[in-house]
Amino acid sequence: MKHLRAMATCVALLFASIGAAQAGTPAARPADSVYQLSVPLTDARGKTQDWRALEGKPRIVAMFYTSCPYMCPLIVESAKAVVHALPAAERERVGVVLISLDPARDTPAVLRDTATKRNIDTTRWLVAAPAPADVRKIAGVLDVRYRRLADGNFNHTSALVLLDAKGRIVARTEQVGPEPDAAFLSAVRAQLAK
Amino acid sequence: MRAVVAGAWALTCLATFAVAAGNAAPGYAGLPGGTFKSALAYEDAKQGVRIAPFSLMRKPVTNGEFLAFVRAHPEWQRGRAPKIFAEGRYLEHWQGPTTLGDRALPEQPVTWVSWFAADAYCASVGARLPSWNEWEYAAAADETRRDARNDPAWRERILAWQSRPSDAALPRAGLQAPNAYGLQDMHGLVWEWTDDFASLLVSGDDRNQGDADRNKFCGAGALSTDDRDNYVVLMRVAMLSSLEARDATANLGFRCARSVR
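Protein sequence lines, in the order shown, are assigned to chains A and B. Quick note on UniProt numbering: the first sequence kicks off at 1 and runs consecutively. Quick note on UniProt numbering: the second sequence kicks off at 1 and runs consecutively.
Derived by calculation from the structure, the hints in this document are not laboratory data. One should not assume that every hint holds.
[Said to hold, decoys possible] Pairs of lysine-lysine, DSS-like flavour, derived with a Cα cap of 25 Å:
1) Lys-166/A - Lys-57/A
2) Lys-46/B - Lys-166/A
3) Lys-166/A - Lys-47/A
4) Lys-83/B - Lys-57/A
5) Lys-194/A - Lys-166/A
Bound-form chain A, shown alone (with noise of 0.2 Å):
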């Protein structure tokens, strides 16, 4: 009897622990959300965690890869753009996050240095790679569009996407450069006020 009360602990602890690690999983994910989409990433501190860990807040989020000369850096510039033309209490409310296309060059020591030269502070925003395999599904969901060039650059869409806090897209802008895209701005701004 004791055994199976014992036991019988145990099996509640068990789903105890599966509901509490499927809390906020596929029940309260919306079908549309990204982050339905399960991948890890490196960050520029090489650390590694799930791209659900970014749930919970509205994000900017964009793709890039750090050896492109002139539109990469043009997509943080517009990403900051965005950033710094909100209110200053509003602006740690939105996260940032740029994805590699190019996980083999773009390793944490290049993410790293990549950020120091762009001014970016990766305490606050999220510089990382997914595995090689994972970049065509993280691109997928955000339909961002990229080729890889035989000189190793990368044809690709220049877009910020914004996700709500469930990972639905509910803005997007291929503006880039210093000045932010107004209606993409408002987007933001519409979010932060949920």
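Fit chain B to the supplied structure of chain A, relying on the hints for placement.
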């Protein structure tokens, strides 16, 4: 004694053949590597693209095969696969999530599948989706030639298929004569996903910002066609590049590839 020697010879020959064919697994045909001139003009690869040896499924994946997959991987069943991976029409022609019914016969190629679903299927069989270049290279062959693209009759035959309305029921997979590599239905049955379908029309022109030189530098290699007559390829490119990874259509299926190690 003579018979034994002949038998040994035959075995050796067969073994040699298997190696030459890339040791393809059952259901796959081995393709040799090579330099391939795509009908798409890649500015960055004017001399052609290099294709490493690979193997490709002889036929597109069928409803029956896909059914076995969704049974083993319930998360890919209709109604369970999240919308971000498979739009609402995913497998809509099946009678139920794990039943085919009259509109989806087991031997017909599976259609109404998204890129994510096709990718997951291939991963489940230890394979991957072919790249566009691999697919185009394999599809350039006819029954006797590895590159039949300059033959107007070859194009006419494919265009005739492409111009047929797609509302008729699909034939079974594997009815057409194999091409020079042993692949069936590369044309004339369904369109097929490629791993990098979203790379086809990406060009400097996609970024409407900045000056032309800057675009050229960061995204050298706008795609245009090298071969204006090759509508056969252009039709595929136009179709694939109009899709998102979660889309599914009535005449889009897939087959898987494997790298040769």
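So, going through the hints one by one against the coordinates:
The straight-line distance between the Cα atoms of Lys-166/A and Lys-57/A is roughly 7 Å, inside the 25 Å bound, and the hint therefore holds. Among the hinted pairs, Lys-46/B with Lys-166/A is inconsistent with the structure: their alpha-carbon atoms are about 45 Å apart, more than 25 Å. Restraint check: the Cα-Cα separation between Lys-166/A and Lys-47/A comes to about 23 Å, which is no more than 25 Å; the hinted pair holds. Annotation: proposed proximity of Lys-83/B to Lys-57/A holds, straight-line Cα distance about 21 Å (limit 25 Å).
Distance hint between Lys-194/A and Lys-166/A is fulfilled; the C-alpha atoms sit about 12 Å from each other, no more than 25 Å.
The structure fails to meet hint 2 from the earlier list, while all remaining hints are met.
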